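*Asks:* Protein chains in written order, with the UniProt record's numbering: chain A, 1 to 405; chain B, 1 to 405.
Treat the hints as calculated values from the structure; they're not laboratory data. Note that the coordinates shown come from a computational prediction; the quantities given were computed from them, not determined experimentally. It is possible that part of the hints are untrue.
Given that identical chains are not distinguished, each listed pair holds provided it fits within a single copy or across any two copies.
[Said to hold, decoys possible] In silico lysine-lysine, BS3-like type, Cα no more than 30 Å apart, as pairs:
no., residue 1, residue 2
1, 48, 267
2, 51, 8
3, 384, 320
4, 385, 347
There are 2 protein chains.
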Amino acid sequence: MAVAGSGKKETIHIDQAYGRRLAENVIAKHPVPPFDRSPYDGFAIRAKDSKTASRDHPVTFRIAGEIAAGDVFTGEVKEQEAVRIMTGAQIPDECDAVVMFELTAEHSDEKNKYMTIKRPFTEGDNVSFAGEDTKEGRVLVEKGESINPGVMALLATFGYSTVEVAEKPVIGVFATGSELLDVHEKLEPGKIRNSNAHMILAQIERAGAEPLYLGKLPDQFDLCLSAIQKALGKVDMLITTGGVSVGDYDLLPDIYKEIGANVLFNKVAMRPGSVTTVAETNGKILFGLSGNPSACYVGFELFVRPVVLHRSFAKEPHLKKVTARLMGDFLKPNPFTRFVRSAIEIKDGCLEVDPSGFNKSNAVAVLAYTDVLMVLPGGTRNFKKGDMVDVLLLDSDKGSEWPWE
Amino acid sequence: MAVAGSGKKETIHIDQAYGRRLAENVIAKHPVPPFDRSPYDGFAIRAKDSKTASRDHPVTFRIAGEIAAGDVFTGEVKEQEAVRIMTGAQIPDECDAVVMFELTAEHSDEKNKYMTIKRPFTEGDNVSFAGEDTKEGRVLVEKGESINPGVMALLATFGYSTVEVAEKPVIGVFATGSELLDVHEKLEPGKIRNSNAHMILAQIERAGAEPLYLGKLPDQFDLCLSAIQKALGKVDMLITTGGVSVGDYDLLPDIYKEIGANVLFNKVAMRPGSVTTVAETNGKILFGLSGNPSACYVGFELFVRPVVLHRSFAKEPHLKKVTARLMGDFLKPNPFTRFVRSAIEIKDGCLEVDPSGFNKSNAVAVLAYTDVLMVLPGGTRNFKKGDMVDVLLLDSDKGSEWPWE
Numbered sequence: 001m002a003v004a005g006s007g008k009k010e011t012i013h014i015d016q017a018y019g020r021r022l023a024e025n026v027i028a029k030h031p032v033p034p035f036d037r038s039p040y041d042g043f044a045i046r047a048k049d050s051k052t053a054s055r056d057h058p059v060t061f062r063i064a065g066e067i068a069a070g071d072v073f074t075g076e077v078k079e080q081e082a083v084r085i086m087t088g089a090q091i092p093d094e095c096d097a098v099v100m101f102e103l104t105a106e107h108s109d110e111k112n113k114y115m116t117i118k119r120p121f122t123e124g125d126n127v128s129f130a131g132e133d134t135k136e137g138r139v140l141v142e143k144g145e146s147i148n149p150g151v152m153a154l155l156a157t158f159g160y161s162t163v164e165v166a167e168k169p170v171i172g173v174f175a176t177g178s179e180l181l182d183v184h185e186k187l188e189p190g191k192i193r194n195s196n197a198h199m200i201l202a203q204i205e206r207a208g209a210e211p212l213y214l215g216k217l218p219d220q221f222d223l224c225l226s227a228i229q230k231a232l233g234k235v236d237m238l239i240t241t242g243g244v245s246v247g248d249y250d251l252l253p254d255i256y257k258e259i260g261a262n263v264l265f266n267k268v269a270m271r272p273g274s275v276t277t278v279a280e281t282n283g284k285i286l287f288g289l290s291g292n293p294s295a296c297y298v299g300f301e302l303f304v305r306p307v308v309l310h311r312s313f314a315k316e317p318h319l320k321k322v323t324a325r326l327m328g329d330f331l332k333p334n335p336f337t338r339f340v341r342s343a344i345e346i347k348d349g350c351l352e353v354d355p356s357g358f359n360k361s362n363a364v365a366v367l368a369y370t371d372v373l374m375v376l377p378g379g380t381r382n383f384k385k386g387d388m389v390d391v392l393l394l395d396s397d398k399g400s401e402w403p404w405e
Numbered sequence: 001m002a003v004a005g006s007g008k009k010e011t012i013h014i015d016q017a018y019g020r021r022l023a024e025n026v027i028a029k030h031p032v033p034p035f036d037r038s039p040y041d042g043f044a045i046r047a048k049d050s051k052t053a054s055r056d057h058p059v060t061f062r063i064a065g066e067i068a069a070g071d072v073f074t075g076e077v078k079e080q081e082a083v084r085i086m087t088g089a090q091i092p093d094e095c096d097a098v099v100m101f102e103l104t105a106e107h108s109d110e111k112n113k114y115m116t117i118k119r120p121f122t123e124g125d126n127v128s129f130a131g132e133d134t135k136e137g138r139v140l141v142e143k144g145e146s147i148n149p150g151v152m153a154l155l156a157t158f159g160y161s162t163v164e165v166a167e168k169p170v171i172g173v174f175a176t177g178s179e180l181l182d183v184h185e186k187l188e189p190g191k192i193r194n195s196n197a198h199m200i201l202a203q204i205e206r207a208g209a210e211p212l213y214l215g216k217l218p219d220q221f222d223l224c225l226s227a228i229q230k231a232l233g234k235v236d237m238l239i240t241t242g243g244v245s246v247g248d249y250d251l252l253p254d255i256y257k258e259i260g261a262n263v264l265f266n267k268v269a270m271r272p273g274s275v276t277t278v279a280e281t282n283g284k285i286l287f288g289l290s291g292n293p294s295a296c297y298v299g300f301e302l303f304v305r306p307v308v309l310h311r312s313f314a315k316e317p318h319l320k321k322v323t324a325r326l327m328g329d330f331l332k333p334n335p336f337t338r339f340v341r342s343a344i345e346i347k348d349g350c351l352e353v354d355p356s357g358f359n360k361s362n363a364v365a366v367l368a369y370t371d372v373l374m375v376l377p378g379g380t381r382n383f384k385k386g387d388m389v390d391v392l393l394l395d396s397d398k399g400s401e402w403p404w405e
């Protein structure tokens, strides 16, 4: 992961933090609860005063005052005295139990109010003790985790009005290929609309990075070269789709050479996506993904996403790998590791994977229903319904250290 | 669901569509591929011209021209002619097969270029036929589904430069309680920081609605009443946290009465969250959630989220319910249906649920690790490790019609 570079931090307001990745640990800056508190509306008492209470011999307490949530009782609670207390309020120092309203009967005379109970309470009854949920100093959530609603609650509880999060890497996207029309253009013979760019921009967002669409590139060397050189100043990573195979008009290999990029690899023993090229220049990573929608989709998830996650301090930057039961035969041989765009269901508590739809790499519709990539290792064949297979989860915040062997 | 109201549509640019819910079906506006195209770089030929080709008797074709992707061959391909073709390009009318470059040998004389092949091809070899992925007019994704990267690709492919999506309902949030400090304030005796509001704002975002934080309300009737009346003009739904139980300072029931809201229910036989109140006034829904963080969290997911999803045209607006194997004993009785904040893992292809951490409703830390709510029906007890239980998934785009029986 050396080439993947390291992440940058930024400090943002808590209001902006949902969905970002932590660049610092979240620490309990005080115990929770911060004080002994009442979990119910009722009366705080000294438990020992209730020792003799029974149905036949009720015990009476003088009501010495009341505490709303957020208030503190400033007096002293004496023998046979009780204090009316609201849920969440701090229990007076002398008290050690809370009696719910439902278990009391109230009455009053000219001077005082009283309440009576018919059973004894012991020390600690109905008390939420300081620190019982969380001790001070404890690391509650680690750097690299993503900020969900529960983490938001912790940040607020411990006074994180600003939070250190991973800066989102900016990822530029070029679509190459003279056959591409923009989404608003009318279809013409021989041409197709540019669907990869819109798909990848969404994948960039899902991965937690910042997408920057840079437009289409025609199949002309000089135009491509200058556009790519200019773009590199504006992004942390650059994705091009198309232009990486061996066709006469695939210009990217020569462009990588021209800008002096260090090509890390340019063929991968996998299907789809074998023509993926990854190169590096001045700390910027260039991803040359296939122009083929499914290959492009898979290439993003396997190669780009882990770099985004790594730069966001995630400890397990690769797609989460689990196993699932195959729900149909998949007999064809897999000369190379195959990543099948699949849908998953949970039935009787277990994952079932359906390599639904098409397994040709130019199928578009199946991607809308893809939740996982099913991994069929190279050199295998004849997968049957009921077999257990590896799947990589696409919609999970969780990850794996390495997605496949 | 009558009271839940109906959703509104808005038309947005495709660039803004990722993560939104469709308010229209996505339809294949043309076949995919739109024309017979080459899946490889190679030569387009008339298959019948290759019939006699063999290792001993290679067949030679004159190269009649070339087609880049996006171009169309305008000439006519005659007997024993081939056209150089790039991946994705339209196959000339006369041709019906593509030979990959790797299977050809090229040579030339003064006038012409030629290529030779050593095996026959049959009609359709290496041709991606028009419509083989998707026929014209087919509904590819239904209204109410969420727009993932694969759906984005479809929208772009079929020229949806603008998309009809569900308008995000605006949900206002008040935190009530004089004990609450703002996140930037220093802790004081008896007080706690307002964590519910930040948590709920993130839950609103996760559910796909628009959060609007309206601030804290003190426990004073007149102030609360006028703030709530004013807020109703700005929101589609209004959440208050706290102020709904039977404590002396819980003002919401009286406020609901004062504004003439129709209280739909104000107690629910569940734990936590039993004090949830839902009321309706002039088509606006008021949710009075518990001030207790876990009860508040659960109340949002069970009562508010389904209304958001319903108004976003989702067919299954409730949390997705599946089953999972319990990984520890949970022996205590469940007089009311209990929703236990739990973490889930997938092991050997099956879900395992761990009611980790605390099961007291004021525990904060456990929510950071909560992926599911485990449902233990009212009237049950003694759940043991290994038992199958229902769980509701919190991070899934998918849903259920109704989450529990």
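*Asks:* Tell me the hint numbers this structure goes against, listed in increasing order.
*Replies:* Failing hints, ascending: 1, 2.
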